[in-house]
Amino acid sequence: DVKVTQSSRYLVKRTGEKVFLECVQDMDHENMFWYRQDPGLGLRLIYFSYDVKMKEKGDIPEGYSVSREKKERFSLILESASTSQTSMYLCASGAGVLEQYFGPGTRLTVT
Amino acid sequence: DAKTTQPPSMDCAEGRAANLPCNHSTISGNEYVYWYRQIHSQGPQYIIHGLKNNETNEMASLIITEDRKSSTLILPHATLRDTAVYYCIVGEGDYGGSQGNLIFGKGTKLSVKP
Numbered sequence: 001d002v003k004v005t006q007s008s009r010y011l012v013k014r015t016g017e018k019v020f021l022e023c024v025q026d027m028d029h030e031n032m033f034w035y036r037q038d039p040g041l042g043l044r045l046i047y048f049s050y051d052v053k054m055k056e057k058g059d060i061p062e063g064y065s066v067s068r069e070k071k072e073r074f075s076l077i078l079e080s081a082s083t084s085q086t087s088m089y090l091c092a093s094g095a096g097v098l099e100q101y102f103g104p105g106t107r108l109t110v111t
Numbered sequence: 112d113a114k115t116t117q118p119p120s121m122d123c124a125e126g127r128a129a130n131l132p133c134n135h136s137t138i139s140g141n142e143y144v145y146w147y148r149q150i151h152s153q154g155p156q157y158i159i160h161g162l163k164n165n166e167t168n169e170m171a172s173l174i175i176t177e178d179r180k181s182s183t184l185i186l187p188h189a190t191l192r193d194t195a196v197y198y199c200i201v202g203e204g205d206y207g208g209s210q211g212n213l214i215f216g217k218g219t220k221l222s223v224k225p
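So the sequences go chain by chain: Y and V.
1 is the number of the first residue of the first sequence in our numbering; add one for each residue after it.
112 is the number of the first residue of the second sequence in our numbering; add one for each residue after it.
Calculated from the structure, these hints are not laboratory results.
Mixed in with the good hints there might be a few duds.
What the hints assert, rightly or not - Below, a sample of chain V positions facing chain Y; criterion: calculated Cβ distance under 10 angstroms: (1) Ser139; (2) Tyr143; (3) Gly216.
Stated by the list, open to error - Now the in silico label distances, taken between C-beta atoms and shown as ranges: (4) V:Arg192 / Y:Gly16: 26 to 32 angstroms; (5) V:Ser120 / Y:Met54: 37 to 43 angstroms; (6) Y:Asp26 / V:Ser139: 31 to 37 angstroms; (7) V:Lys163 / Y:Pro61: 32 to 38 angstroms; (8) V:Gln153 / Y:Ala95: 19 to 25 angstroms; (9) V:Thr190 / Y:Pro61: 25 to 31 angstroms; (10) V:Gly126 / Y:Gly16: 51 to 57 angstroms; (11) Y:Ser80 / V:Asp122: 42 to 48 angstroms; (12) V:Pro187 / Y:Lys3: 47 to 53 angstroms; (13) Y:Val12 / V:Gly140: 45 to 51 angstroms; (14) Y:Leu41 / V:Leu162: 28 to 34 angstroms.
Backbone N, C-alpha and C fix where the C-beta goes; we use that ideal spot for every residue, glycine too.
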């Protein structure tokens, strides 16, 4: 079974803090994705990566950056957290583009 | 514009087959049909996908009509744990045509009842 793990299930941070969300997959997938999910807005793609050190912006990259130094690890960074970034963050990996396997999610609260 | 249409909700008795329909009348020749589900408070879960042949895996079966304008996801023996929102999406399977951005519609809320 594909396993995608995220560093935290719940996280509380203060406004202005730098936040790191880590995602690790164990299936040697080329593609990795970061989404956020908010009630009424559905799933929105923040960034994705199709290879080590490669990254592409999704629909809502503002306020976020990513890092992919190793194939199995894809990190999402909130440079200066704001209350508008309170959300559920979901990481996914996939060998194919639309066949994606999701982690359990990190519920981030910024106060 | 939504590329798929699904009924907003369905009920199914535990142990019975759940048949979830999806219409995708504008599907193009190189687009696949994908199914995901999302159980409350969890991340989406990939179920199955297909191009034109019927597909089966350990979770479900996917039946695609010959004209590919509609499909049905079948959960052969639904359990209470299958209660979730089920999403049908269409898209190209390789990077040539997609960023891999999963855009779910409203999906079908399946309630499995004892």
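Comparing the hints with the structure gives:
1. For the restraint placing serine 139 (chain V) at the interface with chain Y, the shortest Cβ-Cβ distance is roughly 14 angstroms, beyond the 10 angstroms limit, so the hint is violated.
2. A cut of 10 angstroms between beta carbons decides the hint on tyrosine 143 (chain V): the least distance to chain Y is about 7 angstroms, and the hint holds.
3. This hint holds: glycine 216 (chain V) has a C-beta 8 angstroms from the nearest C-beta of chain Y, less than the 10 angstroms allowed.
4. A hinted range of 26 to 32 angstroms for the beta carbons of arginine 192 (chain V) and glycine 16 (chain Y) is inconsistent with their spacing of about 41 angstroms.
5. Between serine 120 (chain V) and methionine 54 (chain Y) the beta carbons are some 41 angstroms apart, a value that agrees with the proposed interval 37 to 43 angstroms.
6. Separation of aspartate 26 (chain Y) from serine 139 (chain V) is about 34 angstroms and conforms to the stated range, judged on CB atoms against 31 to 37 angstroms.
7. In this structure, lysine 163 (chain V) and proline 61 (chain Y) meet the distance hint of 32 to 38 angstroms, their C-beta atoms being roughly 35 angstroms apart.
8. Between glutamine 153 (chain V) and alanine 95 (chain Y) the beta carbon distance is about 22 angstroms. The supplied range of 19 to 25 angstroms therefore holds.
9. The supplied range of 25 to 31 angstroms is broken by threonine 190 (chain V) and proline 61 (chain Y), whose beta-carbon atoms lie about 39 angstroms from each other.
10. Range check, glycine 126 (chain V) to glycine 16 (chain Y): Cβ separation about 53 angstroms, and the 51 to 57 angstroms hint holds.
11. At roughly 47 angstroms, the beta carbons of serine 80 (chain Y) and aspartate 122 (chain V) sit within the given window of 42 to 48 angstroms.
12. At roughly 26 angstroms, the beta-carbon separation of proline 187 (chain V) and lysine 3 (chain Y) lies outside the given 47 to 53 angstroms, and the hint is violated.
13. Between valine 12 (chain Y) and glycine 140 (chain V) the CB atoms are about 49 angstroms apart, so this pair conforms to the stated range of 45 to 51 angstroms.
14. Checked against the hint of 28 to 34 angstroms, the pair leucine 41 (chain Y) and leucine 162 (chain V) passes, with Cβ atoms roughly 30 angstroms apart.
Taken one by one, the earlier hints fail for this structure at numbers 1, 4, 9 and 12, listed in ascending order.
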